[in-house]
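Heads up: the sequence lines are chains A and B, in that order.
Residue 1 is where the first sequence starts when you use my numbering, and the numbers rise one by one after that.
Residue 117 is where the second sequence starts when you use my numbering, and the numbers rise one by one after that.
Honestly, the hints are just simulated from the structure, not real lab data.
From a predicted model like this one, the values you see are computed outputs, not experimental measurements.
It cannot be assumed that every hint is accurate.
Only some residues are given here: those of chain A computed to face chain B with a beta carbon under 7 angstroms [said to hold, decoys possible]: (1) P40; (2) L46; (3) G108; (4) P109; (5) T114; (6) V115.
Glycine is no exception: its CB is placed at the ideal position from the N, C-alpha and C atoms.
Okay, here's what each chain looks like letter by letter:
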Amino acid sequence: GAVVSQHPSWVICKSGTSVKIECRSLDFQATTMFWYRQFPKQSLMLMATSNEGSKATYEQGVEKDKFLINHASLTLSTLTVTSAHPEDSSFYICSARDSRTYNEQFFGPGTRLTVL
Amino acid sequence: AQSVTQLGSHVSVSEGALVLLRCNYSSSVPPYLFWYVQYPNQGLQLLLKYTSAATLVKGINGFEAEFKKSETSFHLTKPSAHMSDAAEYFCAVSLMNRDDKIIFGKGTRLHILP
Numbered sequence: 001g002a003v004v005s006q007h008p009s010w011v012i013c014k015s016g017t018s019v020k021i022e023c024r025s026l027d028f029q030a031t032t033m034f035w036y037r038q039f040p041k042q043s044l045m046l047m048a049t050s051n052e053g054s055k056a057t058y059e060q061g062v063e064k065d066k067f068l069i070n071h072a073s074l075t076l077s078t079l080t081v082t083s084a085h086p087e088d089s090s091f092y093i094c095s096a097r098d099s100r101t102y103n104e105q106f107f108g109p110g111t112r113l114t115v116l
Numbered sequence: 117a118q119s120v121t122q123l124g125s126h127v128s129v130s131e132g133a134l135v136l137l138r139c140n141y142s143s144s145v146p147p148y149l150f151w152y153v154q155y156p157n158q159g160l161q162l163l164l165k166y167t168s169a170a171t172l173v174k175g176i177n178g179f180e181a182e183f184k185k186s187e188t189s190f191h192l193t194k195p196s197a198h199m200s201d202a203a204e205y206f207c208a209v210s211l212m213n214r215d216d217k218i219i220f221g222k223g224t225r226l227h228i229l230p
């Protein structure tokens, strides 16, 4: 149980295009999902917290107009990187909190984004 | 605000030797503490977590960690290292509040020497 999937697992796009990444909780309901960004050989940096049916809460320094987050259902959150540039290339990881357990987050396998 | 400090960005141990990865936390209220492992190009897998029950927590793959409030530490140990333990390990902290977020340490790369 408690499986989180991400799609796609990797994506290469041209500069200026938009990319959508999906995060799904497969066997549980997730009222809260989190989006992280990880640069090579570095830790995870929380970008935003996404609550189902409401606007995401962005961390300081994260551009909400560039990283659009939608959490339309209890099992799906999406992150759209708009007008991507090479500096947006990174490993994006989502996690989902099971509404039944306190503070345990289950992580997706990550999405490698490369912007040319 | 809570924070986590992992001592040593790289740790090397011989196969069969004791593994010790250090983590100190800072929190104004009782925290939840976690250890995660990450293999290359993969997401995070929970090794173990402390949620105010027993101070010695046993996790998967033979790992365990002890919560020491007096030392604000939550070090990860394994009695005998295996080659498959080579990975990145993250210590993380969260407040005992279901709406709060998890803050990660910078990570420690564990190398296993044959």
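When the hints from earlier in the document are held up against this structure, which numbers fail?
-> Structure breaks hints 1, 5, 6.
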